[in-house]
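Given only the sequences and the hints, what does the whole structure look like? Please build it.
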Amino acid sequence: MKKFASIIGLLSLACAFLFAGGAKEQVVITSAADLAGKRIGVQAGTTGELYVQENVPGAKIASFKSGMDAALDLKNGAIDAVVLDELPAKEIVARNPTLTIVTDKFAKEEYAIAVKKGNAALLASINKTIKQLKGDGTYEKLIASFMPVDGKIKIPATLAASEQKAVVKLGTNANFPPFEYVEGTNIVGFDISMGQYIAKDYKAKLEVVDMAFDSLIPALSSGAIDFIAAGMSVTEERKKNVDFSDPYYASEQVIIIRK
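Quick note, the sequence shown lines up with residues 1 to 259 if you use our numbering.
Derived from the structure by calculation, the hints contain no laboratory data.
You may find that some hints are simply not true.
[Said to hold, decoys possible] Derived lysine to any residue pairs resembling SDA-like cross-links, with alpha carbons at most 25 Å apart:
1) Lys60 / Thr30
2) Lys165 / Lys152
3) Lys134 / Gln196
4) Lys239 / Ile257
5) Lys141 / Ala124
6) Lys203 / Ala121
7) Lys38 / Gly77
8) Lys200 / Ile257
9) Lys152 / Ile257
10) Lys108 / Leu50
11) Lys239 / Leu87
12) Lys65 / Val93
13) Lys200 / Ile187
14) Lys117 / Asp104
15) Lys131 / Met147
16) Lys38 / Val56
17) Lys90 / Lys154
18) Lys60 / Asp73
19) Lys259 / Ala78
The following block contains the structure:
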């Protein structure tokens with residue numbers, strides 16, 4: 001009887017450990033200040049990663065190829081939060097009802113197109129295109145298409161391909177909706193549509209090259225691509241390696257957590 005009771009006791013203890021180990025720790029995060037000491041997911045090479053590295057004491061940082069990859073680990077309890085740009089964060093939360101965004105916003109930033117240092121002709125053409133798009137109403141139409149109030153994205157028609165023999169290569173990371181993402185077999189998004197206008201004005205055919213975000217600047221420097229349109233924010237560190245166009249969009253960082 002004692003032996004039987006001992007076995008029951010051991011089984012009960014094992015079950016207690018099993019359930020305790022399987023439970024997700026309750027983590028309370030209501031602002032950026034609460035990120036200290038937490039396990040935080042970021043997209044490699046982004047402003048979110050830099051912000052956490054420089055401003056969050058004791059953070060255990062996990063870098064991912066995309067915000068969606070980070071969100072999957074968040075759902076599974078492997079990390080406590082994800083720091084990401086606001087619009088891509090909203091897209092992720094819309095697809096994952098168990099996640100939500102903390103109301104606190106921080107780290108304001110501006111997106112711009114990057115070109116290889118010294119490529120003055122392409123930079124001037126891009127700035128001219130951005131100014132024209134904002135002046136003739138096309139910019140607002142692209143905003144309405146990819147960032148609609150009702151959340152229903154309507155991808156605009158692709159511009160007719162240039163008949164020019166010259167090719168201009170747009171480097172991007174197609175894991176950053178609504179700026180660049182994969183729809184069916186195509187890479188689409190605000191930046192891609194804007195890139196079509198840039199190529200048209202530059203009198204060249206557009207070729208979109210998808211790669212990891214943190215590979216974009218090395219690819220630009222090596223000549224593998226001609227410009228970067230990837231929701232890339234302007235930072236002093238990046239200015240050392242690329243020339244930026246005039247800003248075309250302003251964003252902020254937000255925190256994604258489990259509900």
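Evaluated hints:
{"no.": "1", "hint": "Lys60 / Thr30", "verdict": "18 Å, holds"}
{"no.": "2", "hint": "Lys165 / Lys152", "verdict": "36 Å, violated"}
{"no.": "3", "hint": "Lys134 / Gln196", "verdict": "15 Å, holds"}
{"no.": "4", "hint": "Lys239 / Ile257", "verdict": "32 Å, violated"}
{"no.": "5", "hint": "Lys141 / Ala124", "verdict": "23 Å, holds"}
{"no.": "6", "hint": "Lys203 / Ala121", "verdict": "12 Å, holds"}
{"no.": "7", "hint": "Lys38 / Gly77", "verdict": "12 Å, holds"}
{"no.": "8", "hint": "Lys200 / Ile257", "verdict": "41 Å, violated"}
{"no.": "9", "hint": "Lys152 / Ile257", "verdict": "24 Å, holds"}
{"no.": "10", "hint": "Lys108 / Leu50", "verdict": "13 Å, holds"}
{"no.": "11", "hint": "Lys239 / Leu87", "verdict": "24 Å, holds"}
{"no.": "12", "hint": "Lys65 / Val93", "verdict": "18 Å, holds"}
{"no.": "13", "hint": "Lys200 / Ile187", "verdict": "18 Å, holds"}
{"no.": "14", "hint": "Lys117 / Asp104", "verdict": "36 Å, violated"}
{"no.": "15", "hint": "Lys131 / Met147", "verdict": "20 Å, holds"}
{"no.": "16", "hint": "Lys38 / Val56", "verdict": "9 Å, holds"}
{"no.": "17", "hint": "Lys90 / Lys154", "verdict": "17 Å, holds"}
{"no.": "18", "hint": "Lys60 / Asp73", "verdict": "14 Å, holds"}
{"no.": "19", "hint": "Lys259 / Ala78", "verdict": "15 Å, holds"}
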